[in-house]
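Colleague: Once you have looked at the hints, place chain B on chain A.
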Amino acid sequence: MNFLAPLAFAFAASIPVVIVFYLLKRKRVVKLVSSTLLWQKFLADTQASAPFQKLRKNWLLYLQILLLALAVLALTRPFFATTAKPAQLRVVILDGSASMQAVDESPSRFERARTEALKWVDSLEPTDQMVVLLAGANTEVKQSATSEKAALRRALQACAPSDSPTRLVPALKMAESLVRDRRSAEVHLFSDGAVPDLTEFENKALPLIYHKVGQRADNLGITALDARANPEDATQRAIYASVANFSSNTMSADLEISFQGSLLETRPLTIPGGQTAPQVFKASQAKDGVFTVRLTGKDDLAADNEASIVSLLPKSVNVLLVTRGNRLLEKALRAVANVQLAVANDLTDAGAGFDFIVLDGIVPTSWPKGNVLAFRTVNTNWVESVAAVEAPVIVDWKSTHPLLRYAGFDNVQIVQSLTARAPTWAVSILEAPQAPLILAGDLGRQRIVWVGFDPLESNWPLRVSFPIFIANAVDWLNPANAKNSQLLIKAGDPFRLALSESVKSAEVKLPDGSTKQIAVDATANEIVFGDTAKQGVYHLRAGTNETTFCADLLDSAESNIRPRDELKFGEYTRVTATTVQRTNMELWRTLAAIGLAVLLFEWWWYHRRTV
Amino acid sequence: MSLLTPELLRRLEQFQLLAARRAKSSAKGERRSRARGQSVEFADHRSYVPGDDFRYLDWNLFGRLDKLFLKLYEEERELPVRIFLDASESMTFGEPRKFDFARQVAAAIGYVALCGFDRVSVVPFPNTEHGTQSGQAGALTSEELAARGALRSVRGKKSSMQFFQNLNALTAAGGADFNEALRRGALEARHTGLAIVLSDFLDPAGYESGLTALVGRGFQVNVVQILAPEELAPTTFGDLRLVDSESGGLQEVTFGRYRMKAYQQTVQNFIQRLREFTTKRGINFFMAPSNMDLQDLLLKQLRKSEVWG
Numbered sequence: 001m002n003f004l005a006p007l008a009f010a011f012a013a014s015i016p017v018v019i020v021f022y023l024l025k026r027k028r029v030v031k032l033v034s035s036t037l038l039w040q041k042f043l044a045d046t047q048a049s050a051p052f053q054k055l056r057k058n059w060l061l062y063l064q065i066l067l068l069a070l071a072v073l074a075l076t077r078p079f080f081a082t083t084a085k086p087a088q089l090r091v092v093i094l095d096g097s098a099s100m101q102a103v104d105e106s107p108s109r110f111e112r113a114r115t116e117a118l119k120w121v122d123s124l125e126p127t128d129q130m131v132v133l134l135a136g137a138n139t140e141v142k143q144s145a146t147s148e149k150a151a152l153r154r155a156l157q158a159c160a161p162s163d164s165p166t167r168l169v170p171a172l173k174m175a176e177s178l179v180r181d182r183r184s185a186e187v188h189l190f191s192d193g194a195v196p197d198l199t200e201f202e203n204k205a206l207p208l209i210y211h212k213v214g215q216r217a218d219n220l221g222i223t224a225l226d227a228r229a230n231p232e233d234a235t236q237r238a239i240y241a242s243v244a245n246f247s248s249n250t251m252s253a254d255l256e257i258s259f260q261g262s263l264l265e266t267r268p269l270t271i272p273g274g275q276t277a278p279q280v281f282k283a284s285q286a287k288d289g290v291f292t293v294r295l296t297g298k299d300d301l302a303a304d305n306e307a308s309i310v311s312l313l314p315k316s317v318n319v320l321l322v323t324r325g326n327r328l329l330e331k332a333l334r335a336v337a338n339v340q341l342a343v344a345n346d347l348t349d350a351g352a353g354f355d356f357i358v359l360d361g362i363v364p365t366s367w368p369k370g371n372v373l374a375f376r377t378v379n380t381n382w383v384e385s386v387a388a389v390e391a392p393v394i395v396d397w398k399s400t401h402p403l404l405r406y407a408g409f410d411n412v413q414i415v416q417s418l419t420a421r422a423p424t425w426a427v428s429i430l431e432a433p434q435a436p437l438i439l440a441g442d443l444g445r446q447r448i449v450w451v452g453f454d455p456l457e458s459n460w461p462l463r464v465s466f467p468i469f470i471a472n473a474v475d476w477l478n479p480a481n482a483k484n485s486q487l488l489i490k491a492g493d494p495f496r497l498a499l500s501e502s503v504k505s506a507e508v509k510l511p512d513g514s515t516k517q518i519a520v521d522a523t524a525n526e527i528v529f530g531d532t533a534k535q536g537v538y539h540l541r542a543g544t545n546e547t548t549f550c551a552d553l554l555d556s557a558e559s560n561i562r563p564r565d566e567l568k569f570g571e572y573t574r575v576t577a578t579t580v581q582r583t584n585m586e587l588w589r590t591l592a593a594i595g596l597a598v599l600l601f602e603w604w605w606y607h608r609r610t611v
Numbered sequence: 001m002s003l004l005t006p007e008l009l010r011r012l013e014q015f016q017l018l019a020a021r022r023a024k025s026s027a028k029g030e031r032r033s034r035a036r037g038q039s040v041e042f043a044d045h046r047s048y049v050p051g052d053d054f055r056y057l058d059w060n061l062f063g064r065l066d067k068l069f070l071k072l073y074e075e076e077r078e079l080p081v082r083i084f085l086d087a088s089e090s091m092t093f094g095e096p097r098k099f100d101f102a103r104q105v106a107a108a109i110g111y112v113a114l115c116g117f118d119r120v121s122v123v124p125f126p127n128t129e130h131g132t133q134s135g136q137a138g139a140l141t142s143e144e145l146a147a148r149g150a151l152r153s154v155r156g157k158k159s160s161m162q163f164f165q166n167l168n169a170l171t172a173a174g175g176a177d178f179n180e181a182l183r184r185g186a187l188e189a190r191h192t193g194l195a196i197v198l199s200d201f202l203d204p205a206g207y208e209s210g211l212t213a214l215v216g217r218g219f220q221v222n223v224v225q226i227l228a229p230e231e232l233a234p235t236t237f238g239d240l241r242l243v244d245s246e247s248g249g250l251q252e253v254t255f256g257r258y259r260m261k262a263y264q265q266t267v268q269n270f271i272q273r274l275r276e277f278t279t280k281r282g283i284n285f286f287m288a289p290s291n292m293d294l295q296d297l298l299l300k301q302l303r304k305s306e307v308w309g
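So the sequences go chain by chain: A and B.
Under the working numbering, residues 1 to 611 are what the first sequence spells out, in order.
Under the working numbering, residues 1 to 309 are what the second sequence spells out, in order.
One chain only, chain A, in its complex shape:
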């Protein structure tokens, strides 16, 4: 036997109250009267001498009838039938992203969504099942399919919003797999619709019901943050912040920047509706530290009003160029700021002490262990099926790759080149019809850029893209830069730290001040820390290695908290916010409560009348 509302057992506490009522002895006042004859006659008159008497007006009677009526009504378990269809399985997806923390609903969008979801739990038929998914940084199954309302309520109560961007697609895919073979199923999405792009999810058949929460979009948010060397003054750092106003009205706020907690500058901002205001702060920096940018205005979403970034002091890059002589390449490398270039004919050791090695058509005696930029150098550990092609035609290049940023291959001709099949560790960033010409990727801990041709056998060095490519390559291959970019993650993303030594455990200090221990496998070469749902500054200590990293929202799609009436899935599917209410809203609890009140009133009434 199961109880739909086990909490109602709390009403049993009223039983002792009733007993106490009956324990109270009716204290009769003893009174001497001349004769009880009249009283006996009176009682005989008032007591029924016949089995029936004329119905007299008595409030107690009305109260008892009302009480009985309420009890009977409650036992019939009445409900409001509405338009919702009966479903055997309901998958509830609760959007737990940062935008759900907006307070335009009271107390917040997430609480509102949770309340709505709880109502759907209440309306669950005894045979129906429900699944609770929380779509935060990751999709969590808070409750697998069950009919137990108590468990479902517990699961919903345990949900909490994160500071991370919305990742609805995994949740929808999970829901899709759950309802795939169910004839009668519904997917209820409780969200504000502030989601980036759902184009990769295309399913017209998904029985999705979108419950919209949220009312407005009065939000100023920091959508981008970066710290770089100031190009105008090498002693300073430039901090780029982008503040966007997602409201349709002009909004004002103060933008504060602080370094390691001490305030550097406050800048008042007034941003028209729908506009973005890029801001650049310049600050001198004496040591490595954290820059924090904070918006001090009052808006609906607090999660995007603060962002932090770790800024490390620039260090010079030690580069070893192994070549038989290539002035153009050497010149291009020297032109890059902070590069300490050494040139050699051959490499006899692993190249320790250099940040990366450039191999220019040389097969070294000893292969380097660090990052490598290799021109026309074949290492069979890297690539297979190496073949030579004459005058390859460049058909495509990946302009989105960091190596090819601002570097195009228009009007570049190549005399001859080696090609290789793209291995699993690398992506092809420059393509000839036959095969890739440039490959880039991470092989283990080694970052490798493989260029199949000698720049001198092309007109590339004469194009502006060549020095840009070399500068990009220095950036990309410099291990310090790679580390820098790792120090800023999106809230909810895992933080990875490569280990140079073996450690047994690590400790992470969270933004709220608490610490978390992580056990590390002795053979692991990196630490992965996934509990980054809250934004802020994290400190990780692993052995002698101490690292500070920041988790930030920095997501304009998330900061744009305007509730969407329509969600667009893929190319063709659209889901409109539903107005469907939960079904079978039961009333018997209300009725029982009224009945109880009537009963108490009746008791009071009865005793008031006898004295």
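In case anyone wonders, no lab produced these hints; they're calculated from the structure.
Be aware that one or more of the hints could be misleading.
Here are the simulated EDC-like pairs of lysine to aspartate or glutamate, each with C-alpha atoms no more than 16 angstroms apart in a straight line [unchecked claim]:
no., chain 1, residue 1, chain 2, residue 2
1, A, 41, B, 252
2, A, 27, B, 239
3, A, 31, B, 252
4, A, 483, A, 521
5, B, 67, B, 52
6, A, 173, A, 140
7, A, 282, A, 256
8, A, 504, A, 521
9, A, 282, A, 265
10, A, 369, A, 346
11, A, 516, A, 531
12, A, 534, A, 501
13, A, 31, B, 239
14, A, 149, A, 200
15, B, 261, A, 233
16, B, 71, B, 44
17, A, 483, A, 226
18, A, 31, B, 230
19, A, 27, B, 252
20, A, 282, A, 233
21, A, 315, A, 288
Modeller: The following block gives chain B in isolation, referenced to the frame of chain A:
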């Protein structure tokens, strides 16, 4: 305590008890009777019989008819007035006490009777002599016993002060058997006359046989029912355990203002039944709450009902 004010006494002196029937008493009084005797009221003639007093010969008739006739006059006799006074425990209740009110009525009626040269006897019950059921009656003081004895037969206006004093000396206690007291009173009386019953009629055994016995004996009966205001409209509410003052019996009642009407209806039914019973038997019935204005009862109601005039 004086039972009646001098002012009231003066007014009562004007009244005379009205008897519907000729007096049957053997003692002389001021009432017309069927007996022939000496008075100024001519009644009849009869033929002279030797030995008759010549003083009563009608000489005028002898002159006309030449026959001797004797003039007969009506004998005036007294009217015996018996006052049955309920002196049971239940009469001690009420504010003012029902017993006090009853004594006042008894005094007034007695005074009117004494003024009219009628014989008054007050019969309080329960009575010790008859060894009534309640033991309390046996505890009467000698003073009260003397008073009771003196009240058995009073005559003459000059006895009225003593009559009042004796009435004052009476106390009410114990339980009474109403019917038995009336039956005995009816049998004891050698001559019937006027009977006044002063009681609350709250006897569980009823009142029917007692009143019937009085009427059957030939008394002209007047009944005054005296009830306390508290009995007509109780002022105590709530959960009550009522103790009967005479029997000691218990009665549990839950009483509230909302039941007041029903209670009063019960009391009115009780009174009405008594009224119907008495009316059917030619008995004058008066209902008097103990807080009633005595003058209203004596000077208006009794007069209107021709108890006296």
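Colleague: Please go over all the hints and tell whether each is borne out by the structure.
Modeller: Verification of the hints:
no.: 1; hint: A/41 x B/252; result: holds (13 angstroms)
no.: 2; hint: A/27 x B/239; result: holds (7 angstroms)
no.: 3; hint: A/31 x B/252; result: holds (10 angstroms)
no.: 4; hint: A/483 x A/521; result: violated (22 angstroms)
no.: 5; hint: B/67 x B/52; result: holds (14 angstroms)
no.: 6; hint: A/173 x A/140; result: holds (12 angstroms)
no.: 7; hint: A/282 x A/256; result: holds (13 angstroms)
no.: 8; hint: A/504 x A/521; result: holds (6 angstroms)
no.: 9; hint: A/282 x A/265; result: holds (10 angstroms)
no.: 10; hint: A/369 x A/346; result: holds (15 angstroms)
no.: 11; hint: A/516 x A/531; result: holds (9 angstroms)
no.: 12; hint: A/534 x A/501; result: violated (29 angstroms)
no.: 13; hint: A/31 x B/239; result: holds (10 angstroms)
no.: 14; hint: A/149 x A/200; result: violated (34 angstroms)
no.: 15; hint: B/261 x A/233; result: violated (106 angstroms)
no.: 16; hint: B/71 x B/44; result: holds (6 angstroms)
no.: 17; hint: A/483 x A/226; result: holds (14 angstroms)
no.: 18; hint: A/31 x B/230; result: holds (12 angstroms)
no.: 19; hint: A/27 x B/252; result: holds (11 angstroms)
no.: 20; hint: A/282 x A/233; result: holds (9 angstroms)
no.: 21; hint: A/315 x A/288; result: holds (11 angstroms)
Checked against the numbered hints given earlier, this structure breaks hints 4, 12, 14, 15; the rest are met.
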